[in-house]
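There are 4 protein chains.
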Amino acid sequence: MKNTFGNSVTVTLFGESHGSHIGIVIDGMESGIRVDEEFIRYRLSLRSSANELSTKRKEPDECRIVSGVFNGYTTGTPICMIIENTNTVSKDYDSLKILPRPGHADYTALIRYKGFQDHRGGGHFSGRLTAPLTAAGALMMSALEDRGIKIGTHISSLHGIKDRDFSSSSLEKDIDTLNDSMFAVLDDDKGELMKEAIRSAKREGDSVGGILETAVTGIPAGIGEPWFDSVESRLSHILFSVPAVKGLEFGAGFGFADMLGSEANDAFYTDGKSILTKTNNNGGINGGITNGMPIVFRCVIKPTPSIYKEQDTVDLSKNENAKLAIHGRHDPAIIHRARAVIDSVTAIALYDMLSESRL
Amino acid sequence: MKNTFGNSVTVTLFGESHGSHIGIVIDGMESGIRVDEEFIRYRLSLRSSANELSTKRKEPDECRIVSGVFNGYTTGTPICMIIENTNTVSKDYDSLKILPRPGHADYTALIRYKGFQDHRGGGHFSGRLTAPLTAAGALMMSALEDRGIKIGTHISSLHGIKDRDFSSSSLEKDIDTLNDSMFAVLDDDKGELMKEAIRSAKREGDSVGGILETAVTGIPAGIGEPWFDSVESRLSHILFSVPAVKGLEFGAGFGFADMLGSEANDAFYTDGKSILTKTNNNGGINGGITNGMPIVFRCVIKPTPSIYKEQDTVDLSKNENAKLAIHGRHDPAIIHRARAVIDSVTAIALYDMLSESRL
Amino acid sequence: MKNTFGNSVTVTLFGESHGSHIGIVIDGMESGIRVDEEFIRYRLSLRSSANELSTKRKEPDECRIVSGVFNGYTTGTPICMIIENTNTVSKDYDSLKILPRPGHADYTALIRYKGFQDHRGGGHFSGRLTAPLTAAGALMMSALEDRGIKIGTHISSLHGIKDRDFSSSSLEKDIDTLNDSMFAVLDDDKGELMKEAIRSAKREGDSVGGILETAVTGIPAGIGEPWFDSVESRLSHILFSVPAVKGLEFGAGFGFADMLGSEANDAFYTDGKSILTKTNNNGGINGGITNGMPIVFRCVIKPTPSIYKEQDTVDLSKNENAKLAIHGRHDPAIIHRARAVIDSVTAIALYDMLSESRL
Amino acid sequence: MKNTFGNSVTVTLFGESHGSHIGIVIDGMESGIRVDEEFIRYRLSLRSSANELSTKRKEPDECRIVSGVFNGYTTGTPICMIIENTNTVSKDYDSLKILPRPGHADYTALIRYKGFQDHRGGGHFSGRLTAPLTAAGALMMSALEDRGIKIGTHISSLHGIKDRDFSSSSLEKDIDTLNDSMFAVLDDDKGELMKEAIRSAKREGDSVGGILETAVTGIPAGIGEPWFDSVESRLSHILFSVPAVKGLEFGAGFGFADMLGSEANDAFYTDGKSILTKTNNNGGINGGITNGMPIVFRCVIKPTPSIYKEQDTVDLSKNENAKLAIHGRHDPAIIHRARAVIDSVTAIALYDMLSESRL
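Residue numbers (the working numbering), protein chains in the order written: chain A, 1 to 359; chain B, 1 to 359; chain C, 1 to 359; chain D, 1 to 359.
Pulled out of the complex, with its shape left as it was, chain A reads as follows (with noise of 0.2 Å):
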């Protein structure tokens, strides 16, 4: 429903780039629940502009628990955040209602309200907006960790050069490296080339884009549903309203076209405790719920739309082709950013699933 997302526990995000306030509200969840500030504030550094990669617009982003928490803990009333909006430079964006910028919202926000979105800086459209996403949750994320589920997420290909990939005998370790690290890879050596191809595309003004992989351990058997509300249902759901992506696989995803169903399917065994697959290629997920097994996906980050390159576009005022040059601030990548949104996504899902299913 609009700008509400989850059953039994929704998050409903209002605010626009340029003004006063953006927030979230969450309601629904559960009394009694920890609330880790602390932690909250970590993820919000993990998504944002603190190094020489990214965007000079640099925001203290400086979360404000306003209702729902009390004396440390959820009261079971709707929690609400807000983070102000202190570093706004509006004029560098006027031109944009009569020159919608490629790639951008300007054009598709023009036509949905009729003329009267907040164009300032992408308004509500702004990646701006993943920060109360983000902090809502890290809220959600410490919560799943007090239930022994962690959530990790690497930038499996940038450009062209390719992490290594997740280790599935020490999966949890390698999701501790990744939320410790501001630069989430998994070999370091490829961390660095990807940062230069980052310095190379702003060095040319203009942007890349790349493949971020997540993974969860820790998931119960059991959660989801088959109709319509399976677990890659609602988390597409919610990724696919993540700016910039544009594509999502489960497992061995794409490469299931090319394999035998032989092949594909995960056979299931028992080491006397649990009930296992010998393969993961569904994903953690059979018939739309969860087997028990690590879930994991891949989606693709579109390379940031906004460039420094000349580009084409339409004068509206004038219906007439034009030539668009984009001043401002922007990202040559937001890839190693969007990360830390893609976990709290991931994390609101779940304990929305979770929640609604008691387990």
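Some hints could be false.
Since the list gives no way to pick one copy over another, a pair counts as held whenever it fits inside one copy or between any two copies.
[As the list claims (entries may be wrong)] Keeping only pairs whose Cα atoms sit at most 27 Å apart, straight-line, the calculated DSS-like set for lysine-lysine is:
1) 278 - 97
2) 173 - 278
3) 97 - 318
4) 273 - 202
The set of hints was computed from the structure by calculation and includes no laboratory data.
Put chains B, C and D on the given structure of chain A with help from the hints.
Quick look at chains B, C and D alone, frame taken from chain A:
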């Protein structure tokens, strides 16, 4: 919300493979929409098992509209469609409660429903449930066609064999061709190779999967929401609830990972009448909202998990590793049938979003 | 959301009075709930028209469960129940599209559905739709009874004739008495007077209404939400969708208007085991949440609008004032049948809230 | 769904009486609606405690719109309004966790939230939460007025003192009078008697309640749904979530119990232009759908439970019966303030239904 999909117009699916009926309730369609029962029957025939490539279970799939349609038009109150299950051979399935089939939902259903699931023929997880889904979608497809919106899907790849791409210059004609065809390919020679690959898998007691590519033309700009109901989010939600779909990409999709921003951005231009884009890497969607260009996406269909080859599983009654050989009636491929389901769920999601947007 | 009620457990109603079937889908009930089809039949008989007080239209109301129940227990997937319409005489109603009946939905349905409504017998607005609603509620009533929760309703007033009040000291026994009775009064002498009032109205071609009072025992404290899903809100939502209900009050209800706070407040006390209140003016609900005392409410049922006396209306084909004389089969009162519907919708709302509260 | 109300346009309420802020998010309002902040302030002043009849807690209730409004018009994205809590004296409330106040939510909140609720000043249950609700409703009231729809409420009864009835011939004028008045009565002499009754209750350390009657003019025919979203259902859902509302009746309401059908039915007639009814016993609603006549309903407001007289309660720390004397700042009546809240929630429900109906 569980077995219901949609905001403004909802569908609720019910039934089990070997129960008395399966069916669907459509709620929220406005009154006065023409209902073409002949077209619904035709679309059901596209997903049915009418040839040597498919399962031996043959059902007439006679869909009966029991409410919400009067004198050939929607009344505005809920439409219930039911299909009787006439050809059920339940004895084939009795062992499956003990020996879960790899790649199927037998095990996860057992955990999720604590042993109370109707396990016969996959029960509520059965691909048979896609019949009422196809019927509901067919009703919406014809309503969309009356508004100039066309939906078509081809098998873009099957076990390594690739169909030709959609033609950007004659996309509507491609869609018409596909919708008149029982085996949905744009290049018939490639279609023959694909059929041979299916027959070959069948001879081996194995199965194949592939990739379906869908295009939608005529959709107006301005449909969708930034958070969390982007067009990608809503389509993905319903697409990932179709059994066997494990990946989905819009426009350039995973190809974005290797592009620069300057290659990825779709430059705007005007032909004097409309705002168009020179490329369509974003698949007709910017910032979660349609931009008026065709919506294009691909989803991967994993190989049918029911194969005749012996597989490893666990005997749940003894918690011991065991071997499983599946008998009964199964498809060596479902992708050529799934295209009708994909068209229908696309129609359901788009009809709902159009209805919500009041465009 | 339109024809669906409920958060955690939902019901979706479909069908028209003179269509082929009417029915209901229940979604979200957990697996393993015992289903007592005999009890459902009994509750349907309480709302059916089996005696001289009611309409001559007699239907077996044979309710068929077509999905979601397997071997006598819920499977956890949607339960669809259908009832065939066998005894439909549509010719009685043809004039009603032109001459709307006062107090009925003929006129509002025409406006709402732009003339496409199935007008025969009231179509989707028919009281007949309360049959599947009663069946769904009966399924939940027995599940609630298994948890020690009892629901009962009596005719507390009918055209000025008042039944005795519920006994606070033997409320459960009162409820048992009502549920064993076809005409739900606590004082049989008053019941005879009420029946005579109904027969008298019938002789005059007129109709009567009254007040139904409902009590619920055994409900645990802690169910409900402050905003906006208070117990009163959820109950009222479904109660006010029952045709003919035009007023609802909880506990002292409208009597509060003349009380002082010191009279109205229900003082707490402990009997050593439980926290109780000395009075129950709040009808078991404080701040929208159950306090463990019985839930008590009353709803008014307006007189059946179908009367045989001549009435003023408008000939919509000519936009002229006109006279209307209704023929066909109609009830001089529905209140003695409505009690079964009120019990059922109460069960539906409470089951949903309990399910959501996980108590 | 919990703290969210609405289908097409939703409101989500957050905050606690003694937290940093309280607020509300409105989602789904279309873009381009004029926002009159002055009118919002005026409506907040109608519910605030600005005179000797009310609590000594005085807050400016400065409502700040932090998102979704740009240059004086709605943007189409979520509108968040926040109000800072500036005047909180939390020490007044510390004993209430042990000694629950009769008639209040202290005990039920404790059970519902397992002791984690913010108990200070009633926390999330506080009447203070009706301030943002009033603000959100005010925004919608002015949008409805722009469409010719007016809403007004008077104190029809207060502790036995009755105001005159709405005039059916000059109903709009009555509504205008009420909306210009701080103490909403139609007969000022009766208003003076009511004020004296409130002062008298105050002198006794007691409180009074009453009945509020609301009328809505200008609402078009054809709004609402038969199941389960009747106009009565939707209005009742939000009205019963306003603290202190314990009963609600539409049109003749409980008066129907003693009527014959021939008295109760509202005969149709035409004045040449419109279809009207001679009486309005159904309060403007037939079959759950508006018929174009004014919507009229009454709700009972129970006496404020906070009284200064000593009351019986339980000491929860010892599970022993105990005495309670409440100190702090409390209203001897809230009905004269509640009228602004009732207008606002009526506006919220109607705006949502109109939006859904596209009329």
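Going through the hints against the structure:
1. For a Cα distance limit of 27 Å, the shortest separation of residue 278 from residue 97 across copies, 20 Å, qualifies, whereas the shortest one inside one copy, 55 Å, does not.
2. Taking the closest pair of Cα atoms, residue 173 and residue 278 come within 27 Å of each other only inside a single copy of the chain (20 Å); across copies the shortest separation is 46 Å, beyond that limit.
3. Taking the shortest Cα distances, residue 97 and residue 318 sit within 27 Å of each other inside one copy (12 Å), while across copies they are farther apart (53 Å).
4. For the identical chains of this complex, residue 273 and residue 202 are neighbours neither inside a copy (52 Å) nor across copies (36 Å), given an alpha-carbon limit of 27 Å.
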